[in-house]
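Peer 1: Line by line, the protein sequences give chains A and B.
The opening position of the first sequence corresponds to residue 1 in the working numbering, with each subsequent residue numbered one higher.
The opening position of the second sequence corresponds to residue 793 in the working numbering, with each subsequent residue numbered one higher.
Be aware that one or more of the hints could be misleading.
Computed from the model, here is a short list of chain B residues facing chain A with C-beta under 7 Å [as the list claims (entries may be wrong)]:
# : residue
1 : MET817
2 : ASP818
3 : ARG839
4 : VAL842
5 : GLU873
6 : VAL875
Honestly, the hints are just simulated from the structure, not real lab data.
From the three backbone atoms N, C-alpha and C, an ideal C-beta is built for every residue, glycine too.
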Amino acid sequence: MKSRWIGLIACLVLSLGCALIALRTSFIADMSAFLPRTPTAEQQVLVDQLRDGVASRLLIIGLTHQADDVIALATLSKKLALHLRKDAAFLTVANGESVTTERDQTLLFENRYLLSPNITAQRFTVEALHAAFKESIAALGMSSGLFTKQLLLRDPTAETLFLTEQMIPQHQPRIKHGVWFGKTANRAVLVVQTRAAGSDLDSQQAAIEAVKAAFRELNADGKVSMQLSGPGLFAVNARANIQTEVTRLSTIASVVLISLLLLVYRSPRMVILGLLPVISGTLAGIAAVSLGFGSVHGMTLGFGITLIGEAVDYAIYLFVQHKPGSDLAAPEQRFWPTIRLGVLTSICGFASLLFSGFTGLAQLGLFSIAGLVVAASVARWVLPGLIPRNFQVNHLYKTGEQLQRGFKGLYKGRGLSAVMAVSAMLYLGFHHSDLWHHELKALSPVPLSAQELDTFLRADVAAPDVRYLVVVRALDQEAALQAAEQVSAVLESLVQEGSLAGFESVSRYLPSQLTQQQRQLSLPQANILQENIARASKDLPLQAEKLKGFVLDVQKAKTAPLVIPTDLEGSAIGAAVQSLLVKQQGAYTALFPLRAADQGNTAYVIQEQVIRQALNSLQSVKPLLIDLKTQSDALYKHYLQEAIVLSLIGVAAIVGLIWTVLKSFKRMVRVIAAPLASVVIVAAGLHLLGIKMSLLHLIGLQLIVAIGSNYSLFFDQASDKSALDRQMLVSLLLANITTVIGFGLLAFSSVPVLNAFGITVGPGAFLSLLLAASFNGKAASNSSLTFPKTAL
Amino acid sequence: MFTPKVFTVFLCLLLGLAFQTAWAMDLSQLMQVLAQNKGGKTTFVERKYVAMLDEPVESSGELRFDPPYRLERRTLKPRTETVVLEKETLTLSQGKSSRTVNLMEYPELGVLIESIRATLAGDQRTLERYYQVNLSGTLTAWQLVLTPKNTQATKLVKLIRLIGQRSLVSRVDVELTDGDMSVMTIAKPQVIP
């Protein structure tokens with residue numbers, strides 16, 4: 001008797017400990033769990049871009065009016081932009097109004113001789129000045145000449161104009177009433193860049209709230225509705241979504257299971273006892289992942305719900321088959337070896353995931369193993385001592401009889417089952433090429449509707465869908481800027497020869513100190529400049545003495561302090577520098593987003609070979625050309641392949657285990673046939689439904705094998721000892737129903753991750769039971785001989 | 793009641809009104825005439841008198857108006873440049889580069905171009921929205937003085953003077969606050985079928 005209390009106390013203490021860890025665990029829901037644990041240089045860029053890159057910090061805002069009042073929309077867009085520009089949480093707010101602020105204009109004008117790439121000694125020769133003066137006078141003849149004339153006297157070589165033009169984005173949405181409007185609808189669009197990194201979910205959430213609050217305040221009459229999209233929003237929503245869905249679905253699952261168990265056990269006490277393995281298992285799973293990985297991903301948590309359905313089974317087997325007054329050891333002994341084998345089977349299946357280079361999968365593996373071991377241990381060593389001696393489930397006699405008849409029918413129809421399995425296999429063989437989803441975003445916790453809105457808004461604003469990047473790293477800022485200049489020169493030559501449509505570079509906005517010094521050195525002395533001006537303006541209607549401001553400015557520039565990033569704070573130029581030159585872990589990374597030739601509706605693909613070759617000339621700075629899409633797809637493909645291999649190893653381990661324990665190849669084949677057939681049928685079914693499987697479906701399929709083989713084992717063990725009675729059948733069915741409920745509910749989740757598990761394992765588990773009865777149900781069909789009716 | 797005296801006064805009033813239309817005219821009348829404008833293509837020569845230069849800068853090119861919303865100014869000399877105002881979008885093209893902005897993002901340039909377009913279109917509402925309008929002369933020789941209302945524009949642009957005959961605009965003067973000015977003479981347009 002003592003031992004039962006020891007067991008219970010141990011169980012409670014363990015659960016409490018796990019609960020404490022679980023409470024302190026941080027839950028994440030971004031894409032970070034899908035990133036490799038030991039990335040290559042290219043993958044690191046991908047990881048950084050996904051977490052903190054410009055694209056990860058974009059928030060796209062769409063505004064629509066219920067009566068399509070574009071003027072009201074334009075006004076709101078301007079007010080909203082004005083409001084957000086004052087908020088330090090936002091680095092830039094673009095809505096089609098002038099990107100360059102007055103501050104930018106001043107910066108460009110005042111530092112023109114340090115910033116302009118045109119500054120060389122040749123710029124100030126008599127010939128060059130003559131040409132520049134002529135050009136400036138001609139510019140007066142242009143439509144806006146009257147307003148730019150002031151620049152002529154101070155900046156006759158038009159450096160400010162050149163620098164300003166560089167700042168103008170080449171691709172912009174169309175402009176109506178002064179602001180950006182989408183291509184397709186009467187939707188005003190704004191693009192906001194947050195200061196906080198995309199992976200900083202709390203700051204992202206705060207930024208989103210700030211946008212929403214400003215919108216609410218400005219949209220007093222409620223006629224305008226706002227659409228938001230962006231990676232930060234997705235991550236924030238996904239985090240909230242997964243948490244609420246997991247709570248909601250696990251609540252529903254619990255209520256349904258508890259009701260079902262109440263109906264069966266007719267004893268609240270037994271229901272509570274039955275939940276012990278579930279609760280302790282789930283807590284142990286979370287605690288293990290938390291300790292092993294530092295945080296728990298929402299996906300793993302969602303997976304936890306499914307464990308409810310599985311872990312509750314152990315108690316069901318125990319309780320339903322319990323007979324009053326029997327020796328406590330007896331019922332266990334009858335089926336415990338089968339359960340033990342079942343647990344080992346599942347562990348074999350999940351253990352392979354532990355070796356995945358993909359954090360998400362490794363978490364799932366650890367969670368499941370810890371959860372199942374604890375749940376089964378509780379069922380084995382704690383529960384038996386707590387069952388009242390006279391407890392018996394004896395009102396399911398009829399159900400048992402019907403089940404027996406049903407299973408008999410299934411056994412008779414085993415030919416048909418086999419035909420189904422074979423046709424599904426043929427179907428899969430026929431469609432093997434398009435079964436899988438090959439993009440990383442298949443794993444995205446973002447609902448499809450949100451992904452669609454995002455695509456739509458992005459197309460509307462021509463937002464950078466940064467795909468091609470050149471990256472250089474350096475230990476300090478100056479080295480990075482110098483390297484950036486070298487890379488820019490190479491890329492510029494590619495643009496000139498037409499291999500590239502364009503690129504962005506930090507050196508366009510901020511030259512290295514070295515370059516600035518060189519420019520200072522190339523500026524002429526006052527007397528030389530004055531003489532050159534006099535000679536250059538001889539036959540022009542411009543009087544040399546009017547250009548005193550020009551001479552003075554050049555002299556000032558010769559000794560002016562060099563421009564450093566802090567000088568650019570708060571300007572559009574500063575924002576550009578900040579996103580193109582990133583400081584990470586003590587090193588500086590310069591990014592060069594490339595634009596493939598011509599932007600049409602189709603995604604233009606870059607001439608990778610040509611660019612790589614050109615960049616190879618810069619061995620000293622080692623630039624990397626990265627196609628983020630290829631990288632992320634390759635990464636995902638790698639995961640998928642790895643997961644397939646690991647799953648196969650898992651299945652092989654399961655097969656080997658069963659073979660070893662059963663010591664019969666034939667029986668092993670029979671046991672494994674049902675779950676494998678279910679896997680094949682489910683996979684075929686998904687394809688028929690038009691669902692492309694992702695990595696998560698694959699894990700679901702593996703889970704079918706792990707769970708399904710348990711059912712087969714029960715049938716097999718029964719035929720072994722000719723001991724499959726009606727109670728056994730009832731407990732099997734009940735266990736199956738709970739599993740199907742646990743997973744099936746997930747199929748209704750809007751979170752793709754959860755949905756994928758639900759839609760595979762729910763039907764798969766049910767099929768596994770039916771097929772197990774069909775393939776291994778010989779004992780069930782003639783068990784009327786073996787067990788007296790009094791048993792039920 | 794209807795005494796001859798009253799009748800005489802009434803007649804005089806009528807005649808007076810008639811005279812007034814013949815001599816001076818109402819802005820809305822001019823606008824109605826201008827609104828008949830079928831649009832077309834013509835050439836222009838512009839001289840800018842700038843204090844910093846010893847001689848005026850001359851530019852020339854083509855003007856094209858498609859009523860009521862589109863005005864294109866294509867400068868051919870000394871450099872090629874195209875400015876298109878269509879509804880409230882302003883497109884500036886110079887060499888390879890081209891950019892589209894909202895009219896009021898460049899208020900100074902905006903007020904110049906809008907003054908021509910709105911006048912050619914006989915768009916009184918727009919004129920009165922952006923400018924203080926002052927009309928003088930007769931229908932056959934009118935003069936429209938526009939003072940911008942936009943504060944950013946008034947810093948630079950003092951006034952715009954359009955001179956025309958019936959539905960034609962023959963000259964546009966721009967006077968700047970600093971005393972510089974430009975004079976644009978416009979040839980008689982050919983109607984494009």
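Peer 1: Next step is simple, just say for each hint if it's right about the structure.
Peer 2: Now for the hints, and whether the structure bears them out:
Here the hint on MET817(B) is broken, as its CB sits about 31 Å from the closest CB of chain A, past 7 Å. A cut of 7 Å between beta carbons decides the hint on ASP818(B): the least distance to chain A is about 29 Å, and the hint is violated. With a least beta-carbon distance of about 9 Å to chain A, the hint placing ARG839(B) at the interface is violated under the 7 Å criterion. For the restraint placing VAL842(B) at the interface with chain A, the shortest Cβ-Cβ distance is roughly 6 Å, inside the 7 Å limit, so the hint holds.
This hint holds: GLU873(B) has a C-beta 5 Å from the nearest C-beta of chain A, less than the 7 Å allowed. Satisfaction of the interface hint for VAL875(B) is found here, the shortest Cβ-Cβ separation to chain A being roughly 5 Å, below the 7 Å cut-off.
Consistency with the previously given hints fails for numbers 1, 2, 3, ordered from lowest to highest.
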